[in-house]
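**Q** Here are the chains, one letter per residue:
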Amino acid sequence: MSVERLLDRLVPPGEERGDWERVLADAGRSPRRPRVRALAVPAAAAVTAIAVLAWPFGGETPTVLDRALAAMGEGPVIHVVTRGEWGGTQIDFGSGDLTPQYAETEVWYDPSRGLHYVGRLGDRVVTDHLQPAGPAADRSAEQYVALANRYRDALRAGRARVVAEGRVEGRAVLWIRIRSQWLPDSGDGKNHLFAEEVAVDRDTYEPVYTRSTRDGRAPPGGGSLLLELERLTAGEGDFSGDPRQDSSGVYSGSELSENLSPRRLAQVLGGRAVWLGESFAGLPLAETRRITFKQRRRPSDPWQTTNGVSLFYGSLHPRRGGIRLRDDSRPFVQLLQATEASARWPTWRGVSAAGIPEGSLLVDATGTGFLRHEGVYVSISSRSMRRVLDAAVALRTVGAPAPPRTSLDLDRIAKDLEARRPHVVRTEGGAPVAPRAIVKRGKRVLQRGGTRGVTIRIHVPGVAVVDTRRMEPSLKQRLPETLVWHCFRVLPDDVLQTGGIAPIPRSGVKTAVVLASPSFRNRQRRLQPLRPPYDGCELGTGYGRNWLPRFDWHGPLEITLTERGRRYFDERAAARELAHFVRNGARRQARIRMRAGAAAPPAAQLADPSRADIDVTSSGARFRASLTAPTGRRFYIEIVRGRIGQKNVGLPLAFVH
Amino acid sequence: MSRAERDAVLDEIEAMYRERYAVFLRVATAVVGDADLARDAVHDAFVRAVRHRRQFRGGSLEGWLWRIVVNAARRRRADRFWRRHVPLVEGTAAASSPNGDLRALVAALPERQRLALFLRYYADLDYRSIAEALGVRPGTVAATLHQAHASLKRSLEAER
Chain A
43 MSVERLLDRL VPPGEERGDW ERVLADAGRS PRRPRVRALA VPAAAAVTAI
93 AVLAWPFGGE TPTVLDRALA AMGEGPVIHV VTRGEWGGTQ IDFGSGDLTP
143 QYAETEVWYD PSRGLHYVGR LGDRVVTDHL QPAGPAADRS AEQYVALANR
193 YRDALRAGRA RVVAEGRVEG RAVLWIRIRS QWLPDSGDGK NHLFAEEVAV
243 DRDTYEPVYT RSTRDGRAPP GGGSLLLELE RLTAGEGDFS GDPRQDSSGV
293 YSGSELSENL SPRRLAQVLG GRAVWLGESF AGLPLAETRR ITFKQRRRPS
343 DPWQTTNGVS LFYGSLHPRR GGIRLRDDSR PFVQLLQATE ASARWPTWRG
393 VSAAGIPEGS LLVDATGTGF LRHEGVYVSI SSRSMRRVLD AAVALRTVGA
443 PAPPRTSLDL DRIAKDLEAR RPHVVRTEGG APVAPRAIVK RGKRVLQRGG
493 TRGVTIRIHV PGVAVVDTRR MEPSLKQRLP ETLVWHCFRV LPDDVLQTGG
543 IAPIPRSGVK TAVVLASPSF RNRQRRLQPL RPPYDGCELG TGYGRNWLPR
593 FDWHGPLEIT LTERGRRYFD ERAAARELAH FVRNGARRQA RIRMRAGAAA
643 PPAAQLADPS RADIDVTSSG ARFRASLTAP TGRRFYIEIV RGRIGQKNVG
693 LPLAFVH
Chain B
395 MSRAERDAVL DEIEAMYRER YAVFLRVATA VVGDADLARD AVHDAFVRAV
445 RHRRQFRGGS LEGWLWRIVV NAARRRRADR FWRRHVPLVE GTAAASSPNG
495 DLRALVAALP ERQRLALFLR YYADLDYRSI AEALGVRPGT VAATLHQAHA
545 SLKRSLEAER
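First to last, the sequence lines map onto chains A and B. The numbering of the first sequence is this note's numbering, which starts it at 43 and goes up by one. The numbering of the second sequence is this note's numbering, which starts it at 395 and goes up by one.
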């Protein structure tokens, strides 16, 4: 076969004619394409057929990405319905029926009309409010706008890629990668692909699921079902919510206060408080305290409070410093209860659980249950699902007799619940990728240095390869398990430009450390590499009280890469020594007395004969210590009325000038 | 560049697009290895060309356009996942899944040889336009094509 024949067979000639109008439209030279969303009908096959036939551009078969873009629409109004991936179960204590429950949020956002937010738990609407147009609504809508815009923009700009086919809850989908960035992990010294993916229905091209992936793989629970993600034209959408119900932007908290005796417990919450008796399932009632749920709109507002009670069945840690803490490493049951719901309690998956009907229990995979008992909202926490169930059926008003034993088979229910954990949306498909080496083998070394068995090499801007495999054992013993590295450039006035900080394990590794700082552009986080040459690299160490005199005021591991770096390390050590000097021994005592109004002691009393290199002078309400660094630079610290003098405040080298 | 000049360039770009779309698509398909992604690449390239036409500094407009198309196709291919691209049910699967052996033979060539070959045989470009599209000297194009030809011939003979 000839070369020409081979190439002809490789890609046969075609006769497609393209779509020049679309090129012009996308280049911004004519109105944007019309929405074809209105073509969607429930029957998937019909949708596909209609979408293909009615494709407005003619001439060319649209790609998956074209259709995904068209399915989303183009208008200014964003409509998003999401369902949290992790679900739970509602148990009807009358029938024993188990019903899966999911928290859903539905949002309409129009910059000119505000944000309408509806929260649902199962079929019940638990929150429905409108935030009028304005900065607060814009802030609340940020995450939805970001998702809708990123998806649309990626499709429009050609950055999106169809990476795989798969399934979401049995529905055939195509996985579209809309945003990805290779980011380094110094744990293994490799670049990993972090991406955001949207699954679109294979028939309708509507987005159905979104997830974040690392190397093309998603952890369970790392995504959200998109029940709807569309852009509507101006004037469309539901903006009928009640502004008075808006709970966004509410500051909230809770506060435990006085201990309550059983007698007192019977009187709080209008005599409706519930409990499990003096003990429950072998766990004594270890703590009964009043709890106050608080909320307010602005820090200047007074708190609106809701009174509640917290009961803890289990063990308390031995008394330490007058406080006995709950020991949740052993079996326990905790009850929280209140007669009114507040903005943040009881909430379940981000929506209020206050709408739970009496006689039912809502449990999630973490072992927390919510129920309503004669008008009192109760949450039950335990590590054991069975114990949550036992507690739920044993609850009673304080002073009331224990309820009759339930006829429900709690063992079976607990097993069913366990079998349903975790209630994760079932997804299949994806495009795993292998992590890449940050530095290619054989890459030229720009800078290198080392000390105490540790070496560092700079191959490319923003990346240092650190080898700690031959670190001196005496040094290793003194270091924490995780080492934090950074390299730097010394700028005028002792200011450091530090490039990224990356933790790596202490135990002998050769890995790449990224010398970069995050920067934010267009609300997207990007890493900005620090430009070489670097003056030095070092292990991050504690500062101030953790200075290490044993390292002669240097850091435990300083690697000099330039003469300027060496000078910096030497001068910083001198500055540290001086700062430590004025904070300790006779100087510390003198500073305490001087703050109370005493004059500075004579210099001879302040000096330390063992540190003759540090000069001290004293006069009136101040004293001064000075030290010459090995580089010849002389440092001073002035103490005025017991405090660091103004001349020293704000200086980078340990307050020393 | 004046508005009139920009409009004139736009007219030329349009003419090139309308006359040679199928050829652009063929080369892009060869580069990317997938007909759908190749369509996207050609589309992106021409959108870019229209938007940035004031950057055209004279010379061969065709060479300039080919450079943009080749770069767009290379960007699409640089996505390492293109092999997993799912062709549409009603799409052009045939064009995106050619004979695997032939593909392997061509894929074994260095990239510059491959691109030169595609531009020469699919687009029928002269050496000067190929050089402009690939950012190399015309003499290099001749040598590159010779090497590509020789390599492919050797591979084909070895296949027999």
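What the hints contain is simulated information worked out from the structure, not anything from laboratory work. Where is the CB? At the ideal position from N, CA and C, for every residue including glycine. Any given hint could turn out to be false.
Away from chain B, derived, C-beta distances all over 12 Å, residues of chain A [what the hints assert, rightly or not]: (1) S44; (2) D50; (3) S294; (4) Q489; (5) D509; (6) M513.
Straight line, CA to CA, 20 Å or less: simulated SDA-like cross-link-like pairs of lysine to any residue [as the list claims (entries may be wrong)]: (7) K547/B / K336/A; (8) K547/B / E382/A; (9) K547/B / E211/A; (10) K547/B / R305/A; (11) K547/B / R47/A; (12) K336/A / S266/A.
Per the computed footprint, the stretches of chain B lying under chain A, defined by three or more beta-carbons under 8 Å from a beta-carbon of chain A, are [what the hints assert, rightly or not]: (13) 402 to 414; (14) 424 to 438; (15) 517 to 525; (16) 538 to 552.
**Q** Evaluate each hint against the coordinates.
**A** Tested hints:
Its closest Cβ contact with chain B, about 8 Å, brings S44/A to no more than 12 Å, contrary to its assignment away from the interface. Its beta-carbon lying about 8 Å from the closest one in chain B, D50/A breaks the requirement of being farther than 12 Å from that chain. In this structure S294/A is separated from chain B by more than 12 Å, as the shortest Cβ-Cβ distance comes to about 44 Å. Residue placement check: Q489/A keeps its beta carbon more than 12 Å from all beta carbons of chain B (closest about 30 Å).
For D509/A, the shortest C-beta to C-beta distance to chain B comes to about 29 Å, beyond the 12 Å cut-off, and the non-interface label holds. Every CB of chain B is more than 12 Å from the CB of M513/A (nearest about 37 Å), matching its label as outside the interface. Restraint check: the Cα-Cα separation between K547/B and K336/A comes to about 81 Å, which exceeds 20 Å; the hinted pair is violated. Between K547/B and E382/A, the direct Cα distance comes to roughly 84 Å. Violation of the 20 Å bound is thereby established for this hinted pair.
With a CA separation close to 51 Å, the supplied pair K547/B and E211/A exceeds the 20 Å bound. Pair hint K547/B plus R305/A does not hold up; C-alpha atoms about 98 Å apart against a cutoff of 20 Å. With a CA separation close to 12 Å, the supplied pair K547/B and R47/A stays within the 20 Å bound. About 30 Å separates the Cα atoms of K336/A and S266/A, which puts this hinted pair outside 20 Å; it is violated.
Only residues whose C-beta sits within less than 8 Å of a C-beta in chain A count toward coverage, and the stretch 402 to 414 of chain B has 3 of them, enough to reach three; the restraint holds. For the stretch 424 to 438 of chain B, the proposed coverage by chain A is satisfied: 7 residues have a C-beta within less than 8 Å of a C-beta in that chain, meeting the threshold of three. For the stretch 517 to 525 of chain B, the stated coverage by chain A is violated: 0 residues have a C-beta nearer than 8 Å to a C-beta of that chain, whereas at least 3 were required. Proximity of the stretch 538 to 552 of chain B to chain A, defined as three or more residues with a beta carbon under 8 Å from a beta carbon of that chain, is established by the 4 residues found.
Checked against the numbered hints above, the structure breaks hints 1, 2, 7, 8, 9, 10, 12 and 15 and satisfies the rest.
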